[in-house]
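A.B. asks: Here is what each chain is made of, one letter per residue.
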Amino acid sequence: MKRSKLVLIGNGMAGVRTLEELLKIAPDMYDITVFGAEPHPNYNRILLSPVLAGEMTLQDIVLNELDWYRDNNIVLHTGRKISAIDRIKRKVIAEDGTAADYDRLLIATGSLPFILPIPGKDLPGVIAYRDIADTEAMIDAAARHKHAVVIGAGLLGLEAANGLALRGMDVTVVHLADWIMERQLDKSAADMLMQSLAAKGLKFRLGASTSELVAGESGRVCALKLKGGETLPADLVVMAAGIRPNVELAEKAGIHCNRGIVVNDTMQTFDPRIYAVGECANHRGTVYGLVAPLFEQAKVCANHLAMYGIGRYKGSVTSTKLKVTGIDVFSAGDFMGGDSVDEILLHDPAGGVYKKICVKDDKLVGAVMYGDTTDGAWYFQLLKDRQDIGEIRDHLMFGQSHIGDAGHAGQNKAVTMADTAEVCGCNGVCKGTIVKAIKEQGLFTLDDVRKHTKASSSCGSCTGLVEQILASTVGGAYQPAASKDKPVCGCTEHSHGDVRTAIRERKLLTIPDAMHALEWKTPNGCATCRPALNYYLISTWPHLAKDDPQSRFINERAHANIQKDGTYSVVPRMWGGLTTPDELRAIADVAEKYRIPTVKCTGGQRIDLLGAKKDDLPKIWADLGKAGMVSGHAYGKSLRTVKTCVGSEHCRFGTQRSMDMGVKLEKMLFGMWSPHKVKLAVSGCPRNCAESGIKDVGVIGVDSGYEIYVGGNGGIKTEVAEFLCKVKSDEEVKEYSGAFLQLYREEGFYLERTCHYLSRVGLDHVKKIVVEDATQRAALYERLLYALQDYEDPWAEANTKPAARREFEILEV
Amino acid sequence: MNAATLEQDLDVAPVWKRLCDLDEIPRLGSRVVKSAAGDIAVFRNAGDEIFALHDKCPHKGGPLSQGIVHGTTVTCPLHSWKIDLGSGAAQAPDVGCTRRFKVKVEDGLVWLALG
Ligand code: SRM
Ligand SMILES: Cc1cc2nc3c(=O)[nH]c(=O)nc-3n(C[C@H](O)[C@H](O)[C@H](O)COP(=O)(O)OP(=O)(O)OC[C@H]3O[C@@H](n4cnc5c(N)ncnc54)[C@H](O)[C@@H]3O)c2cc1C
Ligand code: SF4
Ligand code: FES
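If you're matching them up, the sequences are chains G and A in order.
Going left to right, the first sequence walks through residues 1 to 813 as my numbering numbers them.
Going left to right, the second sequence walks through residues 814 to 928 as my numbering numbers them.
One chain only, chain A, in its complex shape:
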């Protein structure tokens, strides 16, 4: 799919918003996106997969975007809970989950679905 076909899907599909070039997110790093739904953390792992989570740790609300990314996990900077980037769930034995958002990469552009 490219951006043009995307436009036509807008009424049925979620609202895709163009974020930035893939290269503007560092590998094993993240960027913060301000949105009406609150801050969203968009992560890029070593394999160039992209993930988006509500930027709030299920523990005490730490900004996950500021953590260290490894595998498909981010370690929260405040008390080191490990959060799965795909599901938003905390790694056992900790219990909790943070909200996910849809993201995709097309032609080197990162798109985020809101709504």
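With the rest of the complex left out, here is chain G:
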């Protein structure tokens, strides 16, 4: 088949990212030709600032080496600027006459710096700050000259000024507005930022406008005159007064432009063969000047170039982060306040901390922070998710760590950490390693960092720290995805919520059906989506959808927990933590007979037999089964343990029979699969010896009945359970906790513990359905009992069903 021709104009960040996304999904569809005006392969423009500051070199910031183009059969013309697009002949023509035909054209010409129309603007020594050539000119000027003036105190201007100062120049920043970064910061934050930049030696002229640039004897610029009359010495003038979408070429070709090339939600221009992405494109009236939204555009555009025709770009919310080492500012959204917006403020000038968050209708709409930006990523996430913050409003200001993220080793501020400090405790990754990988490998997302460094890829408790490091390394280029629309994994565009809804509404019953209906991009998914789909199917359609063992993580497939050496652990259920001499004898016998190397009490009140060989498992289970013991599901996204204290059965303070209640709950919930593991506890009195306060469902006996708490978690981030309701009888405890768990089973996303589910939907939502609405409660409880009925112990099945037994049999040759 003849391949279509795709031409890209603009060898920059957005255009090349589109090609990368395209090659991922349709590697053989196009013959690709790229024209770039600059004489370089695609590089990481945002890292020009660290290059100028002397923290990196130009070689470090190349994103796609020439080999990359060659390996992907892309014809690359560097140093060739396209001067015309012939839409009738479908051809682009470069200044030097080189031409290329296209079937599809992608325009990604970025922007042009705005040059003030003042006398002297064309003098030698007057430059903008956009590309490698500008950066080299600045480095060169810094080596020979003394005085620099930067016009414009936005992100670019300040990063330029900082870099020049670090290279030894005497730098003055001239700014028209009354405070610096006026579009990203409010006055208080800007004043604090200006003070710390002044402490680094920068000088400022605010509310000042330039009237003229004056040439010296050599013909090079030598001074800058301000409107008020003041003259500043200047051997180098950097214009950083803004950027304009680079649309000249498109306009000349008759493509509809209006402050940018106008595109629709598929990134298509008014000529259906021509697409545009990046800083040159105007989408729904907005032109973006940061990398993260451009990358989202790239993804959508690639999808349409590949003719998948799914995915729409709906615009982005952006946040700002200045990349000046040692200085931390952050802003996002609408932070200037105004009518019906409540401002929550913390201002400590001496301590160098300023935080303002703006709240409207119980939603976070904006945030500005200086000095301590630890919670920037979290606020940004709340903002993008449009999450209801009513319930956490009173401690929103104190940040996420205050709400539950205890962090590790007390570290929650990435900036103050040394390069040698360990960020990821699971994989032993230090801050320096992460920063180096981000810069050298050109990483932009949390997923990238996880893949390349392994940081935050295991338990995830250091995610916040890694996000901070990313944000301060790539500036506003780091934008966490809105969690609600985040695709399940790379195999699909659909979010967990979409998938759940489709399975319910379209009555999908098998994984292949679901993948087909939802247009999965891979033939049979991956280790992330298959277990999720399997859970959604069996929880939505109990007894109808069939469980697929091959889509379960090995622990759930083999009904035991895999160990680092490939052996397994066996944890028999001890209902409510109670056991008998017979059971203990059976455990002892098994341990001896199968040479179990380690026998241990678990943190969940039962006994773990560690180091069992896989082919022994069915035999071990058969022996335990004879003593009446069943699987403890210590391996599953399922009911784990119901921890109990001795309660009024024995304890002098006990008010309720907690052991008995615990056993009843555990028997009721035996074999319950859930989005994540579920742990319960029942304590006999408020002394709470069973730690009910950190369980998914915690029950505390009081004289008049029981209090039920939900959403506790004692794991990665300690989370205290929230009070759900108070009930009188054992039967009510079963019904209310059962109804809550069923709601979680039906609405929770795979691998979302109850605490995460609750923070997503809000406790009020749960209370309305489970506590206030008796009909819904009863229906949920009934659905739970229906789903759980006839559940067979998987340990017994392994011995009775041949297909199940095969899992454990080893072949010999």
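Please note that the accuracy of each hint is not assured.
[Said to hold, decoys possible] Here are the simulated lysine to any residue pairs, SDA-like style, with alpha carbons at most 25 Å apart:
{"id": "1", "chain 1": "A", "residue 1": "K895", "chain 2": "G", "residue 2": "D548"}
{"id": "2", "chain 1": "A", "residue 1": "K895", "chain 2": "G", "residue 2": "E440"}
{"id": "3", "chain 1": "G", "residue 1": "K454", "chain 2": "A", "residue 2": "C833"}
{"id": "4", "chain 1": "G", "residue 1": "K801", "chain 2": "A", "residue 2": "H892"}
{"id": "5", "chain 1": "A", "residue 1": "K873", "chain 2": "G", "residue 2": "T463"}
{"id": "6", "chain 1": "G", "residue 1": "K801", "chain 2": "A", "residue 2": "T886"}
{"id": "7", "chain 1": "A", "residue 1": "K830", "chain 2": "G", "residue 2": "R806"}
{"id": "8", "chain 1": "G", "residue 1": "K564", "chain 2": "A", "residue 2": "H892"}
{"id": "9", "chain 1": "A", "residue 1": "K869", "chain 2": "G", "residue 2": "S458"}
{"id": "10", "chain 1": "G", "residue 1": "K24", "chain 2": "A", "residue 2": "T886"}
{"id": "11", "chain 1": "G", "residue 1": "K613", "chain 2": "A", "residue 2": "S848"}
{"id": "12", "chain 1": "A", "residue 1": "K895", "chain 2": "G", "residue 2": "C426"}
{"id": "13", "chain 1": "A", "residue 1": "K895", "chain 2": "G", "residue 2": "E21"}
{"id": "14", "chain 1": "A", "residue 1": "K895", "chain 2": "G", "residue 2": "E493"}
{"id": "15", "chain 1": "A", "residue 1": "K847", "chain 2": "G", "residue 2": "G79"}
{"id": "16", "chain 1": "G", "residue 1": "K451", "chain 2": "A", "residue 2": "R912"}
{"id": "17", "chain 1": "G", "residue 1": "K24", "chain 2": "A", "residue 2": "Q904"}
{"id": "18", "chain 1": "G", "residue 1": "K801", "chain 2": "A", "residue 2": "R840"}
{"id": "19", "chain 1": "G", "residue 1": "K564", "chain 2": "A", "residue 2": "D834"}
{"id": "20", "chain 1": "A", "residue 1": "K847", "chain 2": "G", "residue 2": "C426"}
{"id": "21", "chain 1": "G", "residue 1": "K436", "chain 2": "A", "residue 2": "Q904"}
{"id": "22", "chain 1": "A", "residue 1": "K895", "chain 2": "G", "residue 2": "G654"}
{"id": "23", "chain 1": "A", "residue 1": "K915", "chain 2": "G", "residue 2": "V813"}
{"id": "24", "chain 1": "A", "residue 1": "K830", "chain 2": "G", "residue 2": "L811"}
{"id": "25", "chain 1": "G", "residue 1": "K486", "chain 2": "A", "residue 2": "K873"}
{"id": "26", "chain 1": "A", "residue 1": "K869", "chain 2": "G", "residue 2": "C426"}
{"id": "27", "chain 1": "G", "residue 1": "K439", "chain 2": "A", "residue 2": "V908"}
{"id": "28", "chain 1": "A", "residue 1": "K873", "chain 2": "G", "residue 2": "T528"}
Just so you know, these hints were derived from the structure itself, not from any lab.
Fair warning: this is a prediction, and the values are worked out from it, not measured in the lab.
Here the structure of chain G is known, so what remains is to put chain A with the ligands in place on it, guided by the hints.
C.D. replies: Below, chain A with the ligands without anything else, positioned relative to chain G:
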């Protein structure tokens, strides 16, 4: 080729050993084979293709046979490296490779080449 012609090739070709019926390996699953060369994981994908790899992940030796199979890849159960079933190579950015063994299916029987 059937089993009979195979016998004649034995002295020149690798030593083919009969393993099991194809149906005894679950689709998108695997079986472990004990051999003098160590444990070997034999995988079957959705298209009934068969692959055999040394049952040791190039990362920290995890048993690949216990992973989840998708496409022509297995995800290691210990730390989720993705290993290509055809080549034994880890998916980038991870680097490493595990040994491959020859396998084939004939008349619904799975054969493994040792030596
Ligand atoms: C065996 C046990 C440790 C022990 O020797 O005591 C254990 C062992 C493991 N825990 Fe745990 N946890 C054990 C009690 C706990 C507890 C305490 C408790 O249950 O009261 C907690 C904190 C309470 C909680 O979960 O809220 C706990 C929080 C975790 C977490 C963090 C969960 C979270 O949401 O933050 C993980 C990771 C995960 O599940 O993703 C985890 C994961 C694991 C895994 C399954 C890791 C894995 O995937 O292989 C460990 C398996 C070890 C092995 O080789 O078999 N384990 N784990 C405990 C088994 C209890 C039982 O009888 O079932
Ligand atoms: C110093 C600096 C620091 C920055 N810091 C950050 C930051 O911290 N965070 C952040 O998110 N963003 C930052 N940005 C912005 C970010 O770099 C841009 O948003 C991004 O590079 C835009 O991508 P693009 O592909 O649209 O344009 P570009 O990357 O500019 O690519 C456009 C390319 O097209 C070429 N071109 C133009 N016209 C033609 C033509 N007619 N023919 C052939 N080629 C042509 C240009 O030469 C250029 O190479 C920074 C920018 C600069 C300059
Ligand atoms: S048992 Fe739990 S805490 Fe201990 S090492 Fe394993 S996962 Fe970590
Ligand atoms: S041992 Fe396989 S991923 Fe670590």
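A.B. asks: So which hints don't hold here, by number, going up?
C.D. replies: 3, 4, 6, 15, 19, 20, 22, 25
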